[in-house]
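Protein chains: 2
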Amino acid sequence: MTTIIAASIHAAIQTKTVEYKQGDTTLEGFVAWDDAIPGARPGVLVVHQWMGLTDYEKQRAEMLAQLGYVAFCADIYGKGIRPKNTAEAGAQAGKYKSDRQLLRARVNAGLDALRQQPLVDVKRVAAIGYCFGGTTVLELARSGADIAGVVSFHGGLDAPDPNDGKNIKCKVLICHGADDPFSSPQDITALENEMRSGGVDWQLVKYGGAVHSFTQPNAGNDNSKGAAYNEKADKRSWAAMKEFFAEIFK
Amino acid sequence: MTTIIAASIHAAIQTKTVEYKQGDTTLEGFVAWDDAIPGARPGVLVVHQWMGLTDYEKQRAEMLAQLGYVAFCADIYGKGIRPKNTAEAGAQAGKYKSDRQLLRARVNAGLDALRQQPLVDVKRVAAIGYCFGGTTVLELARSGADIAGVVSFHGGLDAPDPNDGKNIKCKVLICHGADDPFSSPQDITALENEMRSGGVDWQLVKYGGAVHSFTQPNAGNDNSKGAAYNEKADKRSWAAMKEFFAEIFK
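Listed in order, the protein sequences are those of chains W and R.
Following our numbering, the numbering of the first sequence begins with 914 at its first residue and continues without gaps.
Following our numbering, the numbering of the second sequence begins with 914 at its first residue and continues without gaps.
Next comes chain W alone, as it looks inside the complex (with noise of 0.2 Å):
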């Protein structure tokens, strides 16, 4: 494994890139931690939206290295694939959300690197996703993990196999914009009635006047457009996941 030192933002958060492999593949995630925190403390893997690794999940690792926790960002598309617009995006994510076994190892296997970073307390660790990311960290849980929690923020919410939630260990958190037109109403009660039938301990929260990345700075503000920030729900959404940490990692 071949590590390379990049910028650090604050004084105390430390930063650095982090290549690892699924199967043949190489992946490039990325690392956050607070150095003047002494000690083994929770991990938390952060998984990417559709256009890939990008700043964005960069900057909510250092948000949670701030709070305390090492932040591993995963690669799931594989070390240099970065799309640069949203048909590219859509190839990408497309693949993975049609092959879920892959999608499921290209995810353990950034758990794997998370676990494997020096300061993890690795009986304590939990997953979070944005978007595509959200999608990917409900195929974590149904792959049977052994962490604490996963959060889904905006994710694309489905139940490919309704019998998958009985496969599920950990505590899961969905938090979604009510007027988020990417997943139906029957796909959301289809992922319902899979974590009721399975048994598993489950949220789903519900914003108000918020769509599809609605964490998404970038995203704009238009509504219409069925994607757009929301800094209520952003907020919200945090502090509800602060919340579940404070509850999982106890």
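Take these hints with a grain of salt, some might be off.
For chains that are exact copies, the list does not tell them apart, and a pair is met inside one copy or across any two.
Claimed, not checked - Straight-line alpha carbon distances no greater than 16 Å define the calculated EDC-like cross-link-like pairs of lysine to aspartate or glutamate that follow: (1) Lys1148 <-> Glu1160; (2) Lys1148 <-> Asp1114; (3) Lys992 <-> Asp1100; (4) Lys1082 <-> Asp1071; (5) Lys929 <-> Asp1074; (6) Lys992 <-> Asp937; (7) Lys1163 <-> Asp1034.
Keep in mind that the hints were calculated from the coordinates and are not lab data.
Model, not experiment: these values are computed from the prediction.
Start from chain W and add chain R according to the hints.
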């Protein structure tokens, strides 16, 4: 107005019963506050379940007082009207659920009584309600009450008038058991659409594995009865309320 000094549970928490009126009807509420805190503070109206004002709501008021609020338990049914069994409770709750104007008058009378409490900062007021009281605080919001927010805990969710959302000025947080059998998916969808079309700032949290009465320890633990205590959902919804108050009482 006559007041009677009742017992205080904690050294600093003071409580008393408070008589007040709605029209010609005498109502008997209950107020709790921390007298170790100086000066005006936000006020929270607490609306009772279908059994009427009981020790349960009074305990919640004391918990709110411990958080630094003045908490006032409304009495919707009237002084001395305290159902002894579910048949009586059903008759009382049914009376007000089928006469929403009367219900609004009663809950607004409680809001006025809260505002008259000397330590309340009348610019920072909210209402919470359980079960029947959840329905009631939604009606309080629909009545156009000039308050900061309402929180429903396992309230009966419906939308008798789909246009009512347009009258709502305050923020709305709905904490709901995902397996609560007393609100149909159709009624919940109708409520969501009412909020949506009214441009309301609303949030709905569904707690997996929770049925009706999930905050009520007396409800037992048999989900198959449709009403049962759920400690996780109780704690999570209380935390969500605290976060909501932190936002709206800024």
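Taking the hints in turn, this is what the structure says about them:
no.: 1; hint: Lys1148 <-> Glu1160; result: between (19 Å within a copy, 10 Å between copies)
no.: 2; hint: Lys1148 <-> Asp1114; result: between (23 Å within a copy, 14 Å between copies)
no.: 3; hint: Lys992 <-> Asp1100; result: neither (32 Å within a copy, 48 Å between copies)
no.: 4; hint: Lys1082 <-> Asp1071; result: neither (18 Å within a copy, 34 Å between copies)
no.: 5; hint: Lys929 <-> Asp1074; result: neither (37 Å within a copy, 56 Å between copies)
no.: 6; hint: Lys992 <-> Asp937; result: within (12 Å within a copy, 75 Å between copies)
no.: 7; hint: Lys1163 <-> Asp1034; result: within (12 Å within a copy, 36 Å between copies)
Hint violations for this structure: numbers 3, 4 and 5, all remaining hints satisfied.
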